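Chains as they are written, first to last, in the working numbering: chain A, 1 to 343; chain B, 1 to 343; chain C, 1 to 343; chain D, 1 to 343.
Be aware that a few hints might be false.
Treat identical chains as interchangeable: a pair holds within one or across any two.
Unchecked claim - Using 25 Å as the maximum straight-line C-alpha spacing, the simulated SDA-like pairs for lysine to any residue come out as follows:
| # | residue 1 | residue 2 |
| --- | --- | --- |
| 1 | K89 | Q115 |
| 2 | K44 | T333 |
| 3 | K44 | S188 |
| 4 | K28 | F328 |
| 5 | K250 | D227 |
| 6 | K185 | H278 |
| 7 | K225 | N251 |
| 8 | K104 | Q298 |
| 9 | K250 | N301 |
| 10 | K44 | D276 |
| 11 | K116 | G207 |
| 12 | K215 | Q298 |
| 13 | K186 | D276 |
| 14 | K111 | P297 |
| 15 | K265 | S22 |
| 16 | K265 | L45 |
| 17 | K28 | L337 |
These are computed hints drawn from the structure, not numbers from a lab. All values reported here derive from a predicted model rather than from experimental measurement.
Protein chains: 4
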Amino acid sequence: MITTGIVGATGYTGVELMRLISMHPDAKLQIVTSRSEAGRPVTKLFPSLRGAIDICFSQPDDEALSECDVIFFATPNGTAMEHVPFLLKNGNKIIDLSADFRLKNVDEWEKWYGQKHSCPELINEAVYGLPEVNRDKISRATLIANPGCYPTAIQLGFLPLIENNLVETDSLIADAKSGVSGAGKKLSSSLLFSESSDSFSAYAANGHRHLPEIKQGLQSICKEKLDMIFVPHLVPMIRGIHATLYARLKNTDVDLYQIYHDRYKDEPFVDVMEPDAHPNTNSVRGTNTCRLACHRPQNGNTAVILAVEDNLVKGAAGQAIQNMNIMFNIEETSGLLHPACFP
Amino acid sequence: MITTGIVGATGYTGVELMRLISMHPDAKLQIVTSRSEAGRPVTKLFPSLRGAIDICFSQPDDEALSECDVIFFATPNGTAMEHVPFLLKNGNKIIDLSADFRLKNVDEWEKWYGQKHSCPELINEAVYGLPEVNRDKISRATLIANPGCYPTAIQLGFLPLIENNLVETDSLIADAKSGVSGAGKKLSSSLLFSESSDSFSAYAANGHRHLPEIKQGLQSICKEKLDMIFVPHLVPMIRGIHATLYARLKNTDVDLYQIYHDRYKDEPFVDVMEPDAHPNTNSVRGTNTCRLACHRPQNGNTAVILAVEDNLVKGAAGQAIQNMNIMFNIEETSGLLHPACFP
Amino acid sequence: MITTGIVGATGYTGVELMRLISMHPDAKLQIVTSRSEAGRPVTKLFPSLRGAIDICFSQPDDEALSECDVIFFATPNGTAMEHVPFLLKNGNKIIDLSADFRLKNVDEWEKWYGQKHSCPELINEAVYGLPEVNRDKISRATLIANPGCYPTAIQLGFLPLIENNLVETDSLIADAKSGVSGAGKKLSSSLLFSESSDSFSAYAANGHRHLPEIKQGLQSICKEKLDMIFVPHLVPMIRGIHATLYARLKNTDVDLYQIYHDRYKDEPFVDVMEPDAHPNTNSVRGTNTCRLACHRPQNGNTAVILAVEDNLVKGAAGQAIQNMNIMFNIEETSGLLHPACFP
Amino acid sequence: MITTGIVGATGYTGVELMRLISMHPDAKLQIVTSRSEAGRPVTKLFPSLRGAIDICFSQPDDEALSECDVIFFATPNGTAMEHVPFLLKNGNKIIDLSADFRLKNVDEWEKWYGQKHSCPELINEAVYGLPEVNRDKISRATLIANPGCYPTAIQLGFLPLIENNLVETDSLIADAKSGVSGAGKKLSSSLLFSESSDSFSAYAANGHRHLPEIKQGLQSICKEKLDMIFVPHLVPMIRGIHATLYARLKNTDVDLYQIYHDRYKDEPFVDVMEPDAHPNTNSVRGTNTCRLACHRPQNGNTAVILAVEDNLVKGAAGQAIQNMNIMFNIEETSGLLHPACFP
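Bound-form chain A, shown alone (with noise of 0.2 Å):
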């Protein structure tokens, strides 16, 4: 059994872990932290897990975490990196879901997220920890930065393009869309229902902190220099991503939906849909699915991807789970495969 602990419980990622790890057959929970919340039940916060969670929220302490097998850091941008060399030199596992580790560029990394990173020399050490691209290295990590709800979408979906070399890379563009809960639990008016409910807009359409992380996931792939344009919405919906993302071809003799199918037919965690299709994001919410589905409308050069996933699953603690399992060596899909749940 992997005894894990949770950094930073109290928000829609950690509850979301909580509630993957008391359904995982290999996986307990051993201690959930939060500094606002220390004494009381998680179920007093989470009355959704009553029956399932019966631990309460203690106030983070290294110690105590480093006797977990693995901790998740469902933390504001910034803390983890306070807690992680402790942990790593004492020979924990880490699964970091905030940005501390996500870019290798520690300059690019201060530009974005307006602070400076507190131990720069562990960045390298960090393997991104996009299934699909590295699970190899994941196998052999310690410390995972997991991947941001928009990246691992759009990275999926434009991944089989620039591998094969198809499109013109320097004039991407992803088009995407979030439920609110991408936005976590923060107090923001613009946040209430009544502000968000029945309404749609974009934001951050000058620059969304998401933009040099998918970059630089796509570059490492890509021979050519790579730019995107990244534009993020709000969707008065819950859960969910969709991305739209756009691309010219610089052949049109491709037959996308093959290319996309043999991508991924043994990701367990990628589903390609038949030619033509138009992936709902409720049929993968609650779910670790990133569903896509190919289109080149009126047979032009344009390609058009369609990327569906639950960005609080796949996009966040699902993912996470998904790489436990591979550090663990347990099977990967292990705690994940359930379907969601229609309408």
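Assemble chains B, C and D onto chain A, guided by the hints.
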């Protein structure tokens, strides 16, 4: 392995049964029928089941169905009664999620459901599948009348008050609210997103088919005459029922919480919250739990009971699986212990 | 042209007042105050008002306010009472949308609102602004206590029953449901889209501040002792209140529709639907109408009244404008006759 | 007073026309037709119009319609063209909100709309009713082809870029998102609340009927060959379109805000926000405004234009009224200046 068949699997109750069976360690889906979709893979209609279910819909055929250990009817009212006699004779177990065998009084059934009953002689053979009341009978039954969604929440909510003779039973009030999936996949303009979203209304205030079912169930445990006002409402949410129940206490010297706690402490799917709690429907979304809380406003003589459930799970498909587990003498909670996704 | 000022215009009641005044042929917005937003154009905070309003928020300043003909307080409870004495002395008319002057019993006010009242001597000067009851007094008033949202719907719903002595008044039940905007712009995680969407729950079942206000209003027209259970619920919609009201009839030989029709036939903002109708909240969205329907389920002895309103209009800002129109002796419906957007 | 008739008034565009005409100071509703609802009061179907409209639906009858000054067709595609020849001959003005007269190329129309055009000779008489482009022609027109909802937002969004020859027009991208009311009152299970709520998807990625309309409109003002990828998406909200438009700039030395501001500064229903703003669809809900914002992410060579409108107002009924105002030479904004409800 229990082999199962579902008749009428294209509706919301049907797809929920398929989801639950796909996760059940001891049951296997053998046949799912649909006149309109026969020959089509289930996942074409329900992409949420891709990877979980890989059979096709078939034409309803009693011979084929009779090779299943248990057959679920997720059909419109009036269909199950056409198939049940043959299957019962054949020795199959049947769980009918429609209303065909719920009312013991045939005349009343025919009045409320507007049709002739084709096998009234079987009504008494049917066991009303509310495990919290009829567990023993269910374990010996071959034909289960699976309760309606409102009746489940409302009966579980009122039971302890009535069993303990605590309230005046001639003036019970059940003000109930349901998510839109409770109306099924009916193509009515009032159920379109554009009309039911961002709005709220009552419906059928003058008489809903679930009223005689609720009264029959509660009367059966009540020595005095029982009467009830039942007003259902439509809530702009997908799943969930919230029943707000009002009853006049005969005596205010009662500890409602203790009474409810004691009544349900061994029930795996009824969760009594601490005094003065307010259960949210999203805390049971996708689960088989009915969650209750008791109030006595201003310490007066009115008991106010709040009961929530997922109308498609404890209110339909989940309770059907719970009944199956009891009938086949396996762990009652088998395949049904997954916490709700939150948020 | 009536010149108006709004104190505390950054909340939902404030922005609704601004919308309504911008469409009013006889009123003009002169000052809108906000401590936090002073100096900022109103349209920066509320782009919905671009083209309709072009003033800036200013610091609250009684001198400046006193140059308006009428001042609306759309402030948290406890603020208006600090400003009202000065403005009244100055001869201004005041419409307070907060609760500061709603309860005649100061002790009760202080108990429910958890603070000391700073000008109890003015409470009796205040007229409770429910035009359907107090139209004449309102026309002569200088200080209006504008009713709460729940109290408006619930009082209008019960009024004809009580005025006509038709029901037992010691056991009234008001099961009320409100859209999320009723909670205002409060930054509470339970009001975030992710938590309040796709869910439903009761709250404050043991006592809500609007209860004493409702009871005071109804008691004032009732000869017998009046008591009520009031359970509010949160609906995942933006605007709208639906009150489902239950009362035991003393005599079942009544034509409820006729009684309601007669009571309200000359009221411009109360609409009684045909018997057995079910009003939807979206039929009054954005309007000043309270729409009612009467039921007597199973022809029994319980009257069930359904009442809907827009909590921000008839339940707040619209009723305030209606009161202004009456106070200034202009057409009562002026600026308030716009049908709801549907869908 | 302009007398108006509406053919096909039971759909969402029809009810919106009725709402707008009921508030119009210079227009009056004389006839509303519906085959299915003939004889029934409008308010039975649309309680939101109680108090505003008190006529009944009648059978469509060209003679009766011809006594109106202007007839609106809010009918399915293919209906208006059956009535228009008679009414035109009779001297009536016609505003067709369906697509019958939008495409100048009959073959293309017949291909996309899958039917034979019954009066191709009238197509050239029709003026495309986008006032921001065709105001003069509209003022002299007798037959208006009222633009589609997506075409309105997308053309207004791209216009300044194309008129000023600023972008490469062979690779425009329009990623558009619409509320569910855009699909009309169609009884399709995918439009039920249970299926479209809390979800998001693209649809018709390989070709939507509005594409040829958009391309025809933009090509008419463009000297170079114009091509576009147009991917529509369904948003779980009632009203609103958000178009996110991408175009490659020929030259990055441009002040997009200034260009848009100058183009639209005298347009009463196009509102250009400050640079880097993100318009919300709820800021135009119920209004005739199209609100725009311009971005050039990372100061690169891609212009990103954000355009929002209410699909039923500026995208349909509101624009129809705007066209009527122009045709009858009354104030263009008459009856159309109401700010959006927020929240």
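Evaluation of the provided hints:
1. K89 x Q115: Within. Shortest intra-copy distance 24 Å satisfies the 25 Å Cα cut-off; inter-copy 55 Å does not.
2. K44 x T333: between (30 Å within a copy, 24 Å between copies)
3. K44 x S188: both (23 Å within a copy, 16 Å between copies)
4. K28 x F328: The answer is within: 13 Å in one copy meets 25 Å, while 30 Å across copies does not.
5. K250 x D227: both (16 Å within a copy, 17 Å between copies)
6. K185 x H278: Answer is between: at 21 Å across copies they meet the 25 Å cutoff, but 30 Å inside does not.
7. K225 x N251: Classified as both: same-chain Cα gap 18 Å, cross-chain 21 Å, threshold 25 Å.
8. K104 x Q298: The answer is between: 21 Å across copies meets 25 Å, while 40 Å in one copy does not.
9. K250 x N301: both (8 Å within a copy, 20 Å between copies)
10. K44 x D276: Between. Shortest inter-copy distance 13 Å satisfies the 25 Å Cα cut-off; intra-copy 46 Å does not.
11. K116 x G207: within (20 Å within a copy, 48 Å between copies)
12. K215 x Q298: For K215 and Q298, only the inter-copy Cα distance (14 Å) is at most 25 Å; the intra-copy one is 28 Å.
13. K186 x D276: Classified as between: cross-chain Cα gap 22 Å, same-chain 37 Å, threshold 25 Å.
14. K111 x P297: Answer is between: at 17 Å across copies they meet the 25 Å cutoff, but 38 Å inside does not.
15. K265 x S22: Between copies only: 22 Å across, 29 Å inside.
16. K265 x L45: Answer is between; shortest inter-copy Cα gap is 22 Å, intra-copy 40 Å.
17. K28 x L337: both (17 Å within a copy, 16 Å between copies)
The structure meets every hint from the earlier list without exception.
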